[in-house]
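Engineer: Protein sequence lines correspond, in order, to chains A and B. Position in the first sequence counted from 1, then plus 1187, gives you our numbering. Position in the second sequence counted from 1, then plus 23, gives you our numbering.
Calculated from the structure, these hints are not laboratory results. Watch out, some of these pointers could steer you wrong.
To be verified - In silico DSBU-like cross-links for lysine-lysine, where the CA-CA straight-line distance does not exceed 30 Å:
| id | chain 1 | residue 1 | chain 2 | residue 2 |
| --- | --- | --- | --- | --- |
| 1 | A | K1468 | A | K1496 |
| 2 | A | K1716 | A | K1638 |
| 3 | A | K1487 | A | K1435 |
| 4 | A | K1298 | A | K1435 |
| 5 | A | K1298 | A | K1320 |
| 6 | B | K251 | A | K1435 |
| 7 | B | K134 | A | K1298 |
| 8 | B | K251 | A | K1716 |
| 9 | A | K1496 | B | K134 |
| 10 | A | K1298 | A | K1335 |
| 11 | B | K251 | A | K1638 |
| 12 | A | K1335 | A | K1320 |
| 13 | B | K69 | B | K134 |
| 14 | A | K1487 | A | K1298 |
| 15 | A | K1468 | A | K1435 |
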Amino acid sequence: MVPTIFPTCPNPPRTSRHVMMYYSRLRLLGVAGICLIGVLLCLPNFLNAPSSSLPWRQVHLGLDLRGGSYLLLQLDIQSLEHDRLQSLQDQARQALLDKSLGYRDFQHDDKSASLSFAARSDAELASDLEAMKALPAAVPGEFTVAQKDGRIVLALQHDAMLARAREAVAQSIEIVRRRIDATGAIDPSIAREGDDRIVVELPGVSDPERIKTLLGTTAKLTFRLLAANPNEAGPGATMLDDEETHGKLAVQDHVDVDGTALTNAGAVIDEQTGGWAVTFKLNSAGAQSFANVTRTNVGKRFAIVLDNKVIEAPNIISPITAGSGQITGGFDARSASDLALLLRAGALPAPLSVIEQRTIGPSLGAASIHAGVISLGVGFLLVVVFMVLFYGRFGLYADVALFANLILMLAILSLFQATLTLPGMAGMLLTLGMAVDANILINERIREEVKRGRAPLQALQAGFERATSTIIDSNATAFLAHVMLFVFGTGPVRNFALTITIGIITTLFTTLVLSRVLVVRWYALARPKELPV
Amino acid sequence: MLSRPLFRFVRDDRRINFMRGRHMGLIVSAVLSIASVILFFEPGLKLGLDFRGGVVVEAQTPAVADFGQLRTALEHAGIHPDTVQAFGSPRDVRISISAPQGADREAQTQKLVDGVKNAITQAVPGTQVLRADAVGASVSSELFRDGLLALGFSLAMILIYIWFRFEREFAISAVVTLILDLTKTIGFLAITRFEFDLVMVAALLTILGYSTNDKVVVYDRIRENLRKYRTMPLRELLDLSINETLNRTLGTSMTVFLAALPLALFGGSTLTGFATVMLFGIVVGTSSSIFIAAPLLLLMGEKRLRREVPMTSQD
Chain A
1188 MVPTIFPTCP
1198 NPPRTSRHVM
1208 MYYSRLRLLG
1218 VAGICLIGVL
1228 LCLPNFLNAP
1238 SSSLPWRQVH
1248 LGLDLRGGSY
1258 LLLQLDIQSL
1268 EHDRLQSLQD
1278 QARQALLDKS
1288 LGYRDFQHDD
1298 KSASLSFAAR
1308 SDAELASDLE
1318 AMKALPAAVP
1328 GEFTVAQKDG
1338 RIVLALQHDA
1348 MLARAREAVA
1358 QSIEIVRRRI
1368 DATGAIDPSI
1378 AREGDDRIVV
1388 ELPGVSDPER
1398 IKTLLGTTAK
1408 LTFRLLAANP
1418 NEAGPGATML
1428 DDEETHGKLA
1438 VQDHVDVDGT
1448 ALTNAGAVID
1458 EQTGGWAVTF
1468 KLNSAGAQSF
1478 ANVTRTNVGK
1488 RFAIVLDNKV
1498 IEAPNIISPI
1508 TAGSGQITGG
1518 FDARSASDLA
1528 LLLRAGALPA
1538 PLSVIEQRTI
1548 GPSLGAASIH
1558 AGVISLGVGF
1568 LLVVVFMVLF
1578 YGRFGLYADV
1588 ALFANLILML
1598 AILSLFQATL
1608 TLPGMAGMLL
1618 TLGMAVDANI
1628 LINERIREEV
1638 KRGRAPLQAL
1648 QAGFERATST
1658 IIDSNATAFL
1668 AHVMLFVFGT
1678 GPVRNFALTI
1688 TIGIITTLFT
1698 TLVLSRVLVV
1708 RWYALARPKE
1718 LPV
Chain B
24 MLSRPLFRFV
34 RDDRRINFMR
44 GRHMGLIVSA
54 VLSIASVILF
64 FEPGLKLGLD
74 FRGGVVVEAQ
84 TPAVADFGQL
94 RTALEHAGIH
104 PDTVQAFGSP
114 RDVRISISAP
124 QGADREAQTQ
134 KLVDGVKNAI
144 TQAVPGTQVL
154 RADAVGASVS
164 SELFRDGLLA
174 LGFSLAMILI
184 YIWFRFEREF
194 AISAVVTLIL
204 DLTKTIGFLA
214 ITRFEFDLVM
224 VAALLTILGY
234 STNDKVVVYD
244 RIRENLRKYR
254 TMPLRELLDL
264 SINETLNRTL
274 GTSMTVFLAA
284 LPLALFGGST
294 LTGFATVMLF
304 GIVVGTSSSI
314 FIAAPLLLLM
324 GEKRLRREVP
334 MTSQD
């Protein structure tokens, strides 16, 4: 059966064996519509929005193209564990005191993330165990309680600590955002990665040194009294570095007021010394505690501790009840304003450290865009010329489809506001090179059928039919491989895999539908006696 | 002008006797692959920053770069670079430092990158930092693991696909051919000293995908012909199949080659290596379809192949 070709056949006869050789008006409109939508979706990348109410979605240029910095921050889980052990120890002591149970030799071991103590007597072991099990956990199953060689051992659990790390990362992202916003960086992107990492992308920031310093500071501010003997660590006191004298000072572990009570901070010039200082203001609860401590400890030294370093330890001359104060500690303009910024933004729940940095200067970014666009243009042109020279009219149709392919790829990337990097552009170009494979397969097949003496229509039909499974096959392999690459890959590889994966989808449309429509329409209108193959 | 193609790679009635060169093809391929495996161990691949960790700073000096001066400035700042070398124009300099060792190495790596930037901008005022990357040891080992995982999983997908797509004899020959392709590409990487990094993993995979695609087309034609010409000697049949698909094979490899060529020429430092390896892989993948994949089938033997392909009556 040879189906007759009418461009607008209202009810095309369908047979399962034959590839469609006619397209209803609706179908043609559909194909044209998809192409038109593709063009429209691409427009935002080249034009300014005519009205703010229009959804104007653009492809984001990757940092390698626009210039900027990428920082990968790692949350210090060990410090989180250390802090938790510290508070757990306080809780445990308090619980034992409340039940009037005795304890000896409290030890805490950061390596195994555990803490242990000896019972006063073996008779109390059971009650000790009971009391420890009753301690409130921050997250379910946070720690285990066991008895070993007459000692009670509390061990933090890794999974629970990971859960806490995730929580800490969520808090940190907020604080990191506030700190970065305060530096005036434009359009930063801050996102979690994995359990304990944060990715920071700073477009246009070609010197991230200051931001690295800001993010590398935990900014945990505490006000604590010095130990009775400031030269020796006793029970409940720790030796800390003293920034003023570069010596060491014993400071009580008990925190009287901490940075969470701060409502504001600013850099000012100290009227007495003429140097820079940081003023702070406390909320009412903080002001209350501050007043209480200073009232009962007049004459003693009160240490201002930032990230386990004593900035200064002035004498309390008189009770401070106003809920505000001033830190002087050898600041210059930059360090005073940075500290004020950090205090305003709040402390990180645990230290962050930069473990990967990638910075692209603006000139290299511009050069990369240039390289990408030139390569894309030249590559596209070479393929287009090749196809016309080697496949004539059908090659030209393949080229039209190829152009549509490029538009559709860009359209999908714009629609999802995806990022485009230099490897991504390479992926687009390789997609274009591979895409015409489908046209080549079809054309070669049609040519063979013609050589075998088939009439033009049957030759076209046979060509499309036989090539289709091969085309789907070869694209399926590439699709699977690149989806895997996208899922397991990182960084530049992901973007490359993404554009290729999108490209395979658009290729199936442009080669199996669009270029076929072009050929079929041409055939229907021209009714050639011979095919140009 | 468009009524007919202007060029063809080979005339349609041309019958090249490829199978005559089959032993030569297999021997050359085996030798190259063995040499590549040796090169993989000695001198080995040059790992890129992604996989080895450390610091790379690329900068452009206002005048022709004075490497001695830069090196001295760095040494003065207590930084001992592994290499200070030119790349691109004579004004461009690339400073590379391997990851520091020791307990505090992550923080040290990050300090190094700022140290290098400060040292060179102070030594040569007006120097522009083009790129400053610092990858900590933990990250680089993870990237390496992830890169191999990505490569492994993608490779597994390709193999599973081949397994389902072909009968056993075809699948085995295809996989053997792909392994030969892959080893040669790795050998090429070892010789050219292009850095093996994440982008290169993507290149290897794309080459494998392309090569698989090429084998699918040739094998499909062989299977079709096995059904069609049931009495034709296998050797003749393989030659016929290769010749029939030759224009397509050369055409597609040409378009992919043309697409990758500008990347190799204008792609800049990031993509030159990637694209050059791609170009090599396209040549290898195309020639292996003809000279390796088909002769391997001939080695498998006619009987087994004909048994594998069901004898349906058609044409």
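Engineer: Hint check: K1298/A vs K1435/A, CA-CA at most 30 Å. Holds or violated?
Structural biologist: holds (25 Å)
Engineer: Given the hint that K1716/A pairs with K1638/A, test it: the Cα-Cα distance must not exceed 30 Å.
Structural biologist: Holds - the C-alpha atoms of K1638/A and K1716/A are around 14 Å apart, at most 30 Å.
Engineer: Please verify whether K1468/A and K1496/A have alpha carbons no more than 30 Å apart.
Structural biologist: This hinted pair holds, its Cα atoms lying about 21 Å apart.
Engineer: So if I understand the rule, the pair passes when the alpha-carbon distance is 30 Å or less; does K1298/A with K1320/A pass?
Structural biologist: holds (22 Å)
Engineer: Given the hinted pair K1496/A and K134/B, is their Cα-Cα distance within 30 Å?
Structural biologist: holds (21 Å)
Engineer: Are the Cα atoms of K251/B and K1435/A separated by 30 Å or less?
Structural biologist: Answer violated: K251/B to K1435/A is near 91 Å, above 30 Å.
Engineer: Would you check the hint for K251/B and K1716/A, treating anything up to 30 Å between C-alpha atoms as holding?
Structural biologist: OK: K251/B and K1716/A at ~29 Å, within 30 Å.
Engineer: Tell me if the straight-line CA distance from K134/B to K1298/A falls inside 30 Å.
Structural biologist: At roughly 27 Å apart (the allowed maximum being 30 Å), K1298/A and K134/B satisfy the hint.
Engineer: Do the alpha carbons of K1487/A and K1298/A lie within 30 Å of each other, as the hint requires?
Structural biologist: Distance of about 36 Å is beyond 30 Å: violated.
Engineer: Does K1435/A lie within 30 Å of K1487/A when you go C-alpha to C-alpha?
Structural biologist: Holds, at roughly 17 Å.
Engineer: Taken at face value, is the distance from the CA of K1335/A to the CA of K1298/A at most 30 Å?
Structural biologist: Answer holds: K1298/A to K1335/A is near 18 Å, not above 30 Å.
Engineer: Need the status of pair K69/B, K134/B: alpha-carbon distance at most 30 Å?
Structural biologist: holds (25 Å)
Going down the numbered hints, you'll see the structure goes against 6 and 14, while the others check out.
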